[in-house]
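Enquirer: Now for the letters of each chain:
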Amino acid sequence: MKATQLSVFLENKEGRLADVTKILAENDINIRALFIADTSDFGILRMIVDKPKKAVDILKENQFTVNETDVVAVELLDKPGSLAKVLGVLNDNSLNIEYLYCFLDTERNAAVDVMRIEDIGRAIDILQGAGVKLLSGADLHEL
Amino acid sequence: MIWNKEIEMMPREKLEALQLERLRETVRRVYENVPMYKKRFDEAGLGPDSIKTLDDLQKFPFTLKTDLRDNYPFGIFAVPMKDIVRLHASSGTTGKSTVVGYTKNDIDAWSELMARTLTAAGTSNGDVVHNAYGYGLFTGGLGVHYGAERVGASVIPISGGNTKRQITIMKDFGSTILACTPSYALYLAEVAEEVGLKNGDLKLKAGVFGAEPWTNSMRKDIEERLHILAIDIYGLSEVIGPGVAYECPEKDGLHVGEDHFIVEVIDPETGKRLPPGEKGELVFTTITKEAIPVIRYRTRDISAINFEQCACGRTIARMDRVTGRTDDMLIIRGVNVFPSQIESVLMEIDGTEPHYQLIVDRIGQLDMLEVQVEVGEKFFSDEVRLLEAFENKIKGEIESALNISVDVKLVEPKTIQRSEGKAKRVIDRRSLS
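Sequence lines, in order, name chains S and P.
Take the first sequence: its letter number 72 is residue 71 in numbering that gives the first Met the number 0, and every next letter is one higher.
Take the second sequence: its letter number 409 is residue 408 in numbering that gives the first Met the number 0, and every next letter is one higher.
Treat the hints with care, since some could be wrong.
[Unchecked claim] Distance condition first, Cα-Cα at most 20 Å in a straight line; then the derived EDC-like pairs of lysine to aspartate or glutamate:
| no. | chain 1 | residue 1 | chain 2 | residue 2 |
| --- | --- | --- | --- | --- |
| 1 | S | Lys12 | P | Glu211 |
| 2 | P | Lys413 | S | Asp69 |
| 3 | P | Lys250 | P | Glu192 |
| 4 | P | Lys408 | S | Asp37 |
[To be verified] Output of the computed footprint for chain P on chain S, the stretches with three or more beta carbons under 8 Å from beta carbons of chain P:
| no. | segment |
| --- | --- |
| 5 | 39-49 |
| 6 | 64-77 |
| 7 | 110-124 |
For the record, the hints were derived by calculation from the structure and aren't laboratory data.
Ideal placement from N, C-alpha and C gives every residue a C-beta, glycine not left out.
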């Protein structure tokens, strides 16, 4: 139930994000979710796209440093307390989250949380055991 | 003021006779005591008696920095260790530094040369010398220190760093002579202005500045802001350290300690000696040094020489202010930096040849070195803390190899300029003209 996220290294300079999105657009790749972690010098662009393999190839061709990262995506009811419950489960099991970002699926009244967790295999088992709905890569990319 | 009128104003004929006698002795000594020189002289068909006139020196092979490194640490010492009283070292390109040793007589000669240097800048026994050159393996600190003591001045061995405290001490102790790198002198001036020091709070009257390239406009700036006479001094540890050559208040070239060294300027391509006034590479032969005599040491520094008498009365040769180098060595805050040193550090971290670029700039008055490293897939991580840790690791390893602080910046692949397939490694934005 792992999903694939693309991580792209970006220098903190004008136009780089625009360049990435333009290259993806020209190749008919849809971005499902996007999040940037930045420092004063550089940023790391994290994306969920509909065609990850193709996106990686194209970005590499265009000389971006890009890698694929395994993440866990959970689908939650869009209401107070949903995320707190999931994080409580992870915390009880001493699972550390490296980072997390969310987006809404308004059609289904759902919130999707994408998490990068160190021990991803164990995290998946524990979340499934706790009845949390996980999205597969295919689910996530097709949303 | 002139410290040693007998030597510094000696008629050239007499000076050259002295040089010839000392050169013959030196050639004999290295032939007998240093296997490297014996081998080279034998190969060139030269022997201990091949010096008949000073011009015969041109027949002798050059000594390079790599010769010192290849014989690390003591391979070209001409005396046994029991006669060595001091060791200094400078940074090298491959982690191995260049080691130089001094006998008691060498220290004595060096002190004499630095006494001449400080005296030329107006130092006498009533002065307080604020010595902000680094003390340690670097020759700057102790070189100035011994010279100032020889003159009889009061030395403040403050070394580098802690600039605000330096200013307090200069003010409270009444420092009159400043010794440091020119960029540090400007930085001191800047900080002195920041802390609200007024004209007259300091008693400084002159400064001896060297160990890095600087220009006349920097000199003007230092002189106006610190209200002092700024004197250029030159030296390198392979020859003896600071004191090899020094300006007088005429500021019309640096006087070479010709009773201790023979100076030549050569065409760096052909190795042929150039006539006075023509720019080329400076080459020094030591003629009194006991621990490490060097025969025709190539400095890589670009200058020209002039044998005419100076308006100050000195008859010893003058060399032009050094305007550049024949190799890719950078001098940053007085420290010699070769791009290859940084390359070897990066190669050890990554295991493969990395793409990097060095950006040198002078921000405010201080030289800054930024090392840009392309982020390859091999060490790219999607976690900021890992990339930052990587950045810090590179910074730490470069700093421990070079002994100067650097900024490391991770950049995207292929962003570093490449010309004809070869990366342009150094961008020096310091303007020295």
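Enquirer: Each hint needs a verdict: does it hold in this structure or not?
Expert: Going down the list of hints, with the structure as the test:
{"no.": "1", "hint": "S:Lys12 - P:Glu211", "verdict": "violated (33 Å)"}
{"no.": "2", "hint": "P:Lys413 - S:Asp69", "verdict": "violated (27 Å)"}
{"no.": "3", "hint": "P:Lys250 - P:Glu192", "verdict": "violated (27 Å)"}
{"no.": "4", "hint": "P:Lys408 - S:Asp37", "verdict": "holds (14 Å)"}
{"no.": "5", "hint": "39-49", "verdict": "holds (count 4)"}
{"no.": "6", "hint": "64-77", "verdict": "holds (count 4)"}
{"no.": "7", "hint": "110-124", "verdict": "violated (count 1)"}
When each numbered hint is compared with the structure, violations occur for hints 1, 2, 3 and 7.
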